[in-house]
Amino acid sequence: MLKESIDKLITELGLESLGEDEKYQVIAQITEHLNQVMIDTLTSNLNAEQLARFEQLTALDDAEKMDEGIAQLTAEVPNIHLK
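Sequential numbering of the sequence shown, starting at 1, is according to my numbering.
Calculated from the structure, these hints are not laboratory results. Even for Gly, the Cβ is constructed at its ideal location relative to N, Cα and C. A portion of the hints provided could be inaccurate.
Claimed, not checked - What follows is a list of derived Cβ distance ranges for each label pair: (1) Ser44 / Glu12: 23 to 31 Å; (2) Thr11 / Ser44: 30 to 38 Å; (3) Glu49 / Ile6: 36 to 44 Å; (4) Ala71 / Ala48: 15 to 23 Å; (5) Pro78 / Ser17: 18 to 26 Å; (6) Glu4 / Gln50: 35 to 43 Å; (7) Asp62 / Glu12: 21 to 29 Å; (8) Thr41 / Ala63: 27 to 35 Å; (9) Glu49 / Leu15: 36 to 44 Å.
Based on the provided sequences and hints, a complete structural model is requested.
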């Protein structure tokens, strides 16, 4: 399913003529940009205490704990999904 989604994105963006490495680089850049947009949206809606928790979570070496903590933090921000 993920492969189909990536293939569809490549087609929608007109990237079919690129080599595999170039496609990967473009997808990685898009993913990085979208991640930054999500982080900026979240952090701009946090109070000081929540922002401090977010910074602690992103410093964790345990990706699973970090993801769980950020999910909990996101759930505390009203209407974050509407921004």
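Hints, one by one, checked against the model:
{"no.": "1", "hint": "Ser44 / Glu12: 23 to 31 Å", "result": "holds (29 Å)"}
{"no.": "2", "hint": "Thr11 / Ser44: 30 to 38 Å", "result": "holds (33 Å)"}
{"no.": "3", "hint": "Glu49 / Ile6: 36 to 44 Å", "result": "holds (38 Å)"}
{"no.": "4", "hint": "Ala71 / Ala48: 15 to 23 Å", "result": "holds (20 Å)"}
{"no.": "5", "hint": "Pro78 / Ser17: 18 to 26 Å", "result": "violated (45 Å)"}
{"no.": "6", "hint": "Glu4 / Gln50: 35 to 43 Å", "result": "holds (37 Å)"}
{"no.": "7", "hint": "Asp62 / Glu12: 21 to 29 Å", "result": "violated (35 Å)"}
{"no.": "8", "hint": "Thr41 / Ala63: 27 to 35 Å", "result": "violated (21 Å)"}
{"no.": "9", "hint": "Glu49 / Leu15: 36 to 44 Å", "result": "holds (43 Å)"}
Going down the numbered hints, you'll see the structure goes against 5, 7 and 8, while the others check out.
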